[in-house]
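S.K.: Sequence order for the protein chains is A and B.
Residue numbers 2 to 121, in my numbering, belong to the letters of the first sequence in order.
Residue numbers 490 to 769, in my numbering, belong to the letters of the second sequence in order.
Please keep in mind that the hints were generated in silico from the structure rather than gathered at the bench.
Any given hint might turn out to be false.
Have a look at the derived ranges for each label pair, beta carbon to beta carbon [said to hold, decoys possible]:
1. A:GLY58 x B:GLU641: 12 to 22 Å
2. B:GLU630 x A:ALA85: 26 to 36 Å
3. A:VAL45 x B:GLY601: 48 to 58 Å
Where a beta carbon is used, it is the ideal one built from N, C-alpha and C, also for glycine.
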Amino acid sequence: MTPEKFRGVVSTVLIVGVGISAALIGAGFLAALAIGWQGSLIGVTHAIGYSTADFGGLPGRLAALEPAAIAQLGLVTLLATPVARVAASVVGFALERDRLYTAITMAVLAILLTSIFFLR
Amino acid sequence: MTPQADLGIFAISVAAGLIGALAGVGGGILVIPALTFGFGVDIHLAVGASIVSVIATSSGAAAAYVRDRMTNMRVGMFLELATTTGAVCGALLAAVVAPGFLYVLLGVVLLGSAGMQVARMGEEAPPTDQPSPLAARLRLESSYPDRRLGREVPYSARRIPLGFVMMWIAGVVSGLLGIGSGVLKVIAMDGAMRLPMKVSSATSNFMIGVTAAASAGIYLGRGDVDPQIAAPVALGVLTGALIGARLLHRISNRSVRLIFMPVLVAVGLETIGRGLGFGL
Numbered sequence: 002m003t004p005e006k007f008r009g010v011v012s013t014v015l016i017v018g019v020g021i022s023a024a025l026i027g028a029g030f031l032a033a034l035a036i037g038w039q040g041s042l043i044g045v046t047h048a049i050g051y052s053t054a055d056f057g058g059l060p061g062r063l064a065a066l067e068p069a070a071i072a073q074l075g076l077v078t079l080l081a082t083p084v085a086r087v088a089a090s091v092v093g094f095a096l097e098r099d100r101l102y103t104a105i106t107m108a109v110l111a112i113l114l115t116s117i118f119f120l121r
Numbered sequence: 490m491t492p493q494a495d496l497g498i499f500a501i502s503v504a505a506g507l508i509g510a511l512a513g514v515g516g517g518i519l520v521i522p523a524l525t526f527g528f529g530v531d532i533h534l535a536v537g538a539s540i541v542s543v544i545a546t547s548s549g550a551a552a553a554y555v556r557d558r559m560t561n562m563r564v565g566m567f568l569e570l571a572t573t574t575g576a577v578c579g580a581l582l583a584a585v586v587a588p589g590f591l592y593v594l595l596g597v598v599l600l601g602s603a604g605m606q607v608a609r610m611g612e613e614a615p616p617t618d619q620p621s622p623l624a625a626r627l628r629l630e631s632s633y634p635d636r637r638l639g640r641e642v643p644y645s646a647r648r649i650p651l652g653f654v655m656m657w658i659a660g661v662v663s664g665l666l667g668i669g670s671g672v673l674k675v676i677a678m679d680g681a682m683r684l685p686m687k688v689s690s691a692t693s694n695f696m697i698g699v700t701a702a703a704s705a706g707i708y709l710g711r712g713d714v715d716p717q718i719a720a721p722v723a724l725g726v727l728t729g730a731l732i733g734a735r736l737l738h739r740i741s742n743r744s745v746r747l748i749f750m751p752v753l754v755a756v757g758l759e760t761i762g763r764g765l766g767f768g769l
């Protein structure tokens, strides 16, 4: 991969990630303005409110088109954007056969994934 | 939360993003006092909301700089080892330190940022020093296109261990306060490592998103990223920063910073006052 192409890929990952997350967060926010944060766009009602720390229930709440769940998906996408940028850099440096920087970017990726999945 | 409060948080975040962009600091540093003082939001939720807005604004800006070859991706990736480790430490520490300490630290960073902007009013080209052997081994030497000078400017890095330690500290501050700590990153690259100012700013922006992601993961898992607050804040700060970036092209950097410096100083003093328990 040429350095120009490498930069192009990194730049595109960032723009697409921020674009998608901003669209989701915006959609969730507008929906919340219309029906409130506890509501559902298709009228499904939950007995209990959402928990900000529980992501296991997110798919079900997304299926119910809850504004809070749509915004949360956008926030998760936003968090994933720099992670995707680092992952793309690992591949880029590997294709450039730059062993030192492949190792450095893999270490950064490992720190990010550890913090996201294992640390509270 | 009521729609009025939702729109209020959005509006105040737009203002924070706009003033932050015009004053040359991130939006997070202003949005945290605005949320806690203005809307009575718990400081941990304000920090959680701010940190995700930092990812949004820095990633958007970084995309353009990377394409323009202003960013040194090797310098950025290497120093991210330090900032992400620091950010993790900061986010873990934030849960155990007293809120008063967070306010005082935030205020000190605000005042320091204001001081840095004044010091940077007269910007000059960096000296072309002898590169360090470590810089050569880490392949940190490069060049960037300078439009004003109309030529490629070659550069290399010096005092790398010092820069690395300063970056770790910048990471801790970012993780503790939910801010980008771009000013500290620029001081490490421009001041300690003697990289050109423009490369330092662009590379700092590139690194901020990854630094923020390291602590944002912890805040998210802890439940401190409440969509009710984080959604309007992220949208608002991003909108404000985009408007600010447009406006900056039309007005002089210098006068804008002079106008907003008193704002930073006032917010900084107010924040320290709150932290020490003197509510105004």
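S.K.: If a hint holds in the structure, say so; if it doesn't, say that too.
M.R.: Hint check results:
1. Between A:GLY58 and B:GLU641 the beta carbon distance is about 54 Å. The supplied range of 12 to 22 Å is therefore violated.
2. Checked against the given bound of 26 to 36 Å, the beta carbons of B:GLU630 and A:ALA85, roughly 28 Å apart, stay inside it.
3. The hinted range of 48 to 58 Å is satisfied by A:VAL45 and B:GLY601, whose Cβ atoms lie roughly 49 Å apart.
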